[in-house]
Amino acid sequence: MDIEEADMRVIVRLLGETASLPGGLMNKKLFLLDGLCNFVGSSEWAWALISANTTESLTLRRRIGESFDMPVALQNASGPIVQWEFLPVSSAQAICSDLAVNSHTNSKILLLREPDEPEFSIREVHLASLVLDEIPWLHWREWKTPRPSHAKLSPRLQWTQDLLLLGLGRKEIADQIGISEGTVSGYIRKLYQYFGVNSQAELMRLRTQEPAMPKTIL
Amino acid sequence: MTTQCFAPEDTQAVVNLLGEVCAPPDDHVGKKRRLLDGICRLIKADAWVWGLFVELTPGEFPSYVLHLHGGFDEAQLADYFLALEHPESARFTAPMAQLLQEKRCHITRFRQQFGFENEFLNSENHRIWQKAGIEPGILSCRPVDATTLSTVGIYRRPNKPSFTPRDSRIAHILLSEVPWLHEEGWSADRDSTIPSLSRRCCTVMNLLVHGRARQEIASQLGISQHTVDGYVKEVFRHFRVHSQPELIARFHTGDGGDVP
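Those sequence lines, one after another, are chains A and B. For the first sequence, the positions run 1 to 218 when our numbering is used. For the second sequence, the positions run 1 to 260 when our numbering is used.
Since the hints were made in silico from the structure, they are not lab data. Treat each hint with caution, since some may be false.
Under 8 Å between C-beta atoms, here's a sample of chain B residues computed to sit facing chain A [said to hold, decoys possible]: (1) Thr3; (2) Gln4; (3) Phe6; (4) Ala7; (5) Gln12; (6) Val15; (7) Asn16; (8) Gly19; (9) Cys22; (10) Gly30; (11) Lys31; (12) His126; (13) Glu177; (14) Val178; (15) Trp180.
For each residue, glycine too, the CB sits at the ideal point set by N, CA and C.
Build the full structure now, drawing on both the sequences and the hints.
So, in structure tokens, the structure goes:
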């Protein structure tokens with residue numbers, strides 16, 4: 001299917017803005033998915049890493065317009081595939097992109113609409129799929145450049161760090177992972193020690209240079 | 001107005017490319033390079049430049065400072081400057097200058113769209129371009145203030161097929177919708193005093209900015225080192241600097257990764 005110039009311009013501008021954004025992969029992922037949702041009229045997106053090893057599974061949902069530090073954790077974060085059955089969506093209301101991240105992990109990104117809203121048009125599905133399918137890093141957790149400082153982190157520490165870098169609080173991290181706040185505190189202490197920082201802000205600055213989240217969306 | 005469309009393989013390639021540009025490292029110069037190298041890949045081009053044209057006036061010598069380039073070797077770059085310095089080049093940049101004066105917006109054209117093809121192919125200027133190992137292809141100019149144009153040139157080797165409207169459309173959408181390409185990388189005054197340099201001084205200045213030694217400049221321009229010394233003195237006086245590193249620092253772009 002050909003794409004009209006006006007639509008192409010919006011996509012190029014959105015990706016161009018994403019490229020100039022300071023910060024790490026998560027920063028860019030959020031900005032790009034938010035922008036894409038606005039472009040195709042979706043109210044919410046969800047991202048899931050589904051691993052054969054259940055402890056590595058990660059899900060993130062974000063409702064457009066809600067402040068960033070309030071992503072809604074899925075009801076049950078302990079099982080991998082099962083989580084998707086908790087998503088209250090019919091297939092007609094979701095644009096889905098699937099990608100095998102590696103031999104044992106799959107990534108899914110969904111753009112969602114409420115059941116009472118009109119269905120996505122063919123054009124909207126096409127435009128969203130173009131970006132979701134052709135930008136591999138949207139499905140990644142971090143850039144695929146070797147980062148020695150990262151190599152030794154356990155999956156749980158890595159997950160905690162990802163969420164810290166997104167700016168989530170202790171309780172939200174505990175909810176997201178499905179563990180106690182006390183356990184999270186332990187992870188955070190280890191991470192601060194590992195990176196030689198004293199606060200989450202410092203950790204974020206260290207990894208992203210500019211901790212501020214983007215506010216402009218198309 | 002007819003609606004232009006992009007073919008599926010082109011949209012995928014464009015999105016892929018921008019996805020790559022999003023990845024680290026995040027330095028401005030590196031991103032610019034990746035984007036321009038990528039555009040060349042998409043439209044099968046061999047070389048590119050990015051720089052500023054200052055006071056591009058129809059029929060007059062184009063004053064410019066080149067900040068970044070890709071796909072040139074040292075000798076080719078000097079020959080490229082010589083092609084721009086040639087008196088006839090004013091004639092071939094005139095239609096673009098005219099168009100920019102009228103529209104004052106981002107314009108992208110390929111050479112064959114200007115209708116001087118026969119005249120160009122038979123010109124002395126064309127022979128100098130051929131010696132430089134490239135031919136004028138796509139020119140994309142964006143006004144950044146009243147006198148300055150952020151300019152991208154995209155080239156193919158001689159005797160290759162002409163660029164097509166599809167090539168030009170892909171270049172234009174990427175160059176015009178990615179504003180950061182045109183928002184930094186130059187000196188504070190946007191090099192506004194360059195037009196008062198003579199043509200030859202402009203060439204020498206560009207070679208100095210790209211780190212060339214006087215000896216090399218002399219041999220590449222085919223003039224004596226003594227003559228080069230004279231031009232260098234004039235360039236230094238013009239920019240009120242006392243050494244080549246000082247001059248390069250004055251034109252410092254981005255993180256300096258482009259300046260040898």
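Evaluated hints:
1. Thr3: Constraint on B/Thr3 satisfied, holds at 5 Å.
2. Gln4: With a closest approach of 4 Å, the B/Gln4 hint holds.
3. Phe6: holds (5 Å)
4. Ala7: Because about 6 Å separates B/Ala7 from the closest Cβ in chain A, which is inside the 8 Å limit, the hint holds.
5. Gln12: holds (5 Å)
6. Val15: holds (4 Å)
7. Asn16: Nearest chain A Cβ about 5 Å off; hint holds.
8. Gly19: Holds - the Cβ of B/Gly19 comes within 8 Å of chain A, reaching about 4 Å at its closest.
9. Cys22: Given a least distance of 4 Å, the restraint on B/Cys22 holds.
10. Gly30: violated (11 Å)
11. Lys31: holds (6 Å)
12. His126: violated (33 Å)
13. Glu177: Where the cut-off is 8 Å and the nearest Cβ of chain A is about 4 Å from B/Glu177, the hint holds.
14. Val178: holds (4 Å)
15. Trp180: holds (4 Å)
Violated hints, listed in ascending order, are 10 and 12; each of the other numbered hints is respected by the structure.
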